[in-house]
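Novice: Model the full structure from these sequences, guided by the hints.
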Amino acid sequence: MSSQTHIPQDANADWPAPTPPRSRRARRLPVAGYSRMVFLMKVLLPSIAVVLVGLVIAWPELISDDGRFRLNAVRIDQRDAETLRMVNPRYVGTDDRNQPFNVTADVATQSSGNSNLVTLDHPKADIALQDGSWVALTASDGLYHRDRQSIDLKGAVNIFHDSGYEFRSESALIDLKAGTAAGEQTVTGQGPGGDIEAEGFQILDRGARILFTGKARLVMYPAAGG
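Residue numbering for the sequence shown follows the numbering used here, beginning at 195 and increasing consecutively.
Worth flagging that the hints you see were computed from the coordinates, not collected in a lab.
Since we're looking at a predicted model, the values are computed, not measured.
A portion of the hints provided could be inaccurate.
[Unchecked claim] FRET-style restraints, in silico, Cβ to Cβ:
1) Leu412 with Thr303: 35 to 45 Å
2) His339 with Arg279: 11 to 21 Å
3) Arg279 with Ala350: 15 to 25 Å
4) Leu412 with Ser309: 37 to 47 Å
5) Lys348 with Leu405: 17 to 27 Å
6) Ser309 with Glu393: 33 to 43 Å
Backbone N, C-alpha and C define an ideal beta-carbon position, used for all residues, glycine too.
Specialist: What follows is the structure in structure tokens.
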């Protein structure tokens with residue numbers, strides 16, 4: 195009794211060759227790309243290094259003499275070595291009623307002989323008042339007393355109140371802690387009410403009152419619509 199194997203009718207048809215798993219093909223490609231990248235880096239990096247070294251050596255010859263950076267010997271005055279200078283200084287504090295004030299300058303110079311005295315170039319002081327208004331004072335020069343928290347202003351002193359009043363004199367003494375200012379030289383000013391000229395002035399109660407001392411001349415302006 196013989197056994198027979200049944201072959202399907204389409205057994206002689208062409209069957210496609212088995213396809214390797216995709217993961218194997220994807221694994222082979224990066225290996226070839228990585229090898230190519232390593233080869234290029236081995237060739238290019240030494241060349242780039244040679245070019246950079248050449249530029250460093252040749253750079254002084256590629257630029258003109260006018261463009262070269264040079265360090266020259268500079269003599270330092272002994273007086274400068276004994277002082278402490280600061281550009282654009284700023285001092286912020288509060289007075290005895292906790293009202294803020296702000297003092298700035300172009301340059302501040304402190305002598306080693308007296309740490310409490312600081313010379314100010316073009317000082318400016320901003321003082322806040324209790325009623326919410328403020329006063330700004332500027333001058334050509336100033337001397338700041340750190341221990342007393344006061345400033346002596348000299349030359350082209352200008353006092354401006356945000357209510358519109360402005361006064362000019364040649365000197366003024368500002369007490370930052372007490373919130374007062376005073377001057378004993380001629381003062382001129384103007385505001386919404388008129389013009390005034392006097393021999394001196396006092397700013398009291400943190401700007402609430404301004405007194406003009408000595409001989410004074412006042413020119414009043416009529417109220418608008420009066």
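Novice: None of the hints should be skipped; say for each whether it holds.
Specialist: To see whether the hints hold, each was checked on the structure:
Distance hint check for Leu412 and Thr303: the Cβ-Cβ separation is about 40 Å, which falls inside the suggested range of 35 to 45 Å. Distance hint check for His339 and Arg279: the Cβ-Cβ separation is about 18 Å, which falls inside the suggested range of 11 to 21 Å. A C-beta distance of roughly 22 Å is found between Arg279 and Ala350, which places it inside the suggested range of 15 to 25 Å. Checked against the given bound of 37 to 47 Å, the beta carbons of Leu412 and Ser309, roughly 44 Å apart, stay inside it.
At about 22 Å, the CB distance of Lys348 to Leu405 agrees with the hint of 17 to 27 Å. In this structure the hint that Ser309 and Glu393 lie 33 to 43 Å apart at CB holds, the actual value being about 36 Å.
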